[in-house]
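Protein chains: 2
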Amino acid sequence: MTSIEIRIELKKGVADPEGKNTKKTLESLGFQGIGDVKSVKVFEVEIDATPEDAIKMAEEMCRKLLANPVIQNYKVAVM
Amino acid sequence: MTSIEIRIELKKGVADPEGKNTKKTLESLGFQGIGDVKSVKVFEVEIDATPEDAIKMAEEMCRKLLANPVIQNYKVAVM
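If you read the sequences in order, they're chains H and W.
Using our numbering, the letters of the first sequence map in sequence onto residues 1 to 79.
Using our numbering, the letters of the second sequence map in sequence onto residues 80 to 158.
Derived by calculation from the structure, the hints in this document are not laboratory data.
Here the structure is a predicted model, which is why all the values come from computation and not from measurement.
Hints may contain errors.
[To be verified] Distance condition first, Cα-Cα at most 20 Å in a straight line; then the derived SDA-like pairs of lysine to any residue: (1) W:K120 to H:A77; (2) W:K120 to H:R7; (3) W:K120 to H:V14; (4) W:K143 to H:G30; (5) W:K120 to H:E18; (6) H:K20 to W:E84; (7) W:K102 to H:L65; (8) W:K117 to H:E59; (9) W:K102 to H:D48; (10) W:K143 to H:E18; (11) W:K99 to H:E5; (12) H:K24 to W:M80; (13) W:K120 to H:E5; (14) H:K41 to W:K103; (15) H:K56 to W:D115; (16) H:K41 to W:K90; (17) W:K120 to H:E9; (18) H:K38 to W:R86; (19) H:K23 to W:E125; (20) H:K23 to W:K154; (21) H:K23 to W:D127; (22) W:K103 to H:K23; (23) H:K41 to W:L144; (24) W:K154 to H:V78; (25) H:K24 to W:E139; (26) W:K91 to H:E5; (27) H:K23 to W:E138; (28) W:K135 to H:L29; (29) W:K154 to H:V14; (30) W:K102 to H:E60; (31) W:K120 to H:S3; (32) H:K41 to W:K117; (33) H:K41 to W:G98; (34) W:K154 to H:V42; (35) W:K120 to H:V42; (36) W:K90 to H:K23; (37) W:K103 to H:E59; (38) H:K56 to W:G112.
With these hints in hand, go ahead and build the complete structure from the sequences.
Right, dumping it as structure tokens:
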């Protein structure tokens, strides 16, 4: 089993309402000096394959299901 | 500015319907050899503070807002 981390982020310039609202709420709770807040989705996937094959499979999973190429980038790494 | 990664995971034993459904859907798309699929929420937060202070602030953010201590664990790290 290879443990893979799949990280799905919004592309630059794409609005991140979850990040923005989190920042606003943190500020309303009194936190100061907060810059950008970015929300990221991560999947940890166990795959019964060599690390090399598992990475290729995970990239295919992103292309076929997990990521929306119009607004999201993905990164795949062995954990 | 210190960039902090806040990683919010479900505690062991807590149901992860998003992970389970992702696994099911990947399998229905023909992917084989998939073990556990875990969904994780990550926030990348820029904080105008030293790394040490930024980590303390981020931990406080988790306690006050971002994580639900009943079902979630959090990890904070400098990026």
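Outcome of the hint check:
no.: 1; hint: W:K120 to H:A77; result: 17 Å, holds
no.: 2; hint: W:K120 to H:R7; result: 10 Å, holds
no.: 3; hint: W:K120 to H:V14; result: 18 Å, holds
no.: 4; hint: W:K143 to H:G30; result: 11 Å, holds
no.: 5; hint: W:K120 to H:E18; result: 11 Å, holds
no.: 6; hint: H:K20 to W:E84; result: 16 Å, holds
no.: 7; hint: W:K102 to H:L65; result: 11 Å, holds
no.: 8; hint: W:K117 to H:E59; result: 16 Å, holds
no.: 9; hint: W:K102 to H:D48; result: 13 Å, holds
no.: 10; hint: W:K143 to H:E18; result: 17 Å, holds
no.: 11; hint: W:K99 to H:E5; result: 16 Å, holds
no.: 12; hint: H:K24 to W:M80; result: 18 Å, holds
no.: 13; hint: W:K120 to H:E5; result: 12 Å, holds
no.: 14; hint: H:K41 to W:K103; result: 18 Å, holds
no.: 15; hint: H:K56 to W:D115; result: 18 Å, holds
no.: 16; hint: H:K41 to W:K90; result: 17 Å, holds
no.: 17; hint: W:K120 to H:E9; result: 11 Å, holds
no.: 18; hint: H:K38 to W:R86; result: 12 Å, holds
no.: 19; hint: H:K23 to W:E125; result: 10 Å, holds
no.: 20; hint: H:K23 to W:K154; result: 18 Å, holds
no.: 21; hint: H:K23 to W:D127; result: 13 Å, holds
no.: 22; hint: W:K103 to H:K23; result: 34 Å, violated
no.: 23; hint: H:K41 to W:L144; result: 18 Å, holds
no.: 24; hint: W:K154 to H:V78; result: 19 Å, holds
no.: 25; hint: H:K24 to W:E139; result: 16 Å, holds
no.: 26; hint: W:K91 to H:E5; result: 18 Å, holds
no.: 27; hint: H:K23 to W:E138; result: 15 Å, holds
no.: 28; hint: W:K135 to H:L29; result: 15 Å, holds
no.: 29; hint: W:K154 to H:V14; result: 26 Å, violated
no.: 30; hint: W:K102 to H:E60; result: 14 Å, holds
no.: 31; hint: W:K120 to H:S3; result: 17 Å, holds
no.: 32; hint: H:K41 to W:K117; result: 11 Å, holds
no.: 33; hint: H:K41 to W:G98; result: 12 Å, holds
no.: 34; hint: W:K154 to H:V42; result: 14 Å, holds
no.: 35; hint: W:K120 to H:V42; result: 6 Å, holds
no.: 36; hint: W:K90 to H:K23; result: 25 Å, violated
no.: 37; hint: W:K103 to H:E59; result: 17 Å, holds
no.: 38; hint: H:K56 to W:G112; result: 13 Å, holds
The earlier numbered hints that this structure contradicts are 22, 29 and 36.
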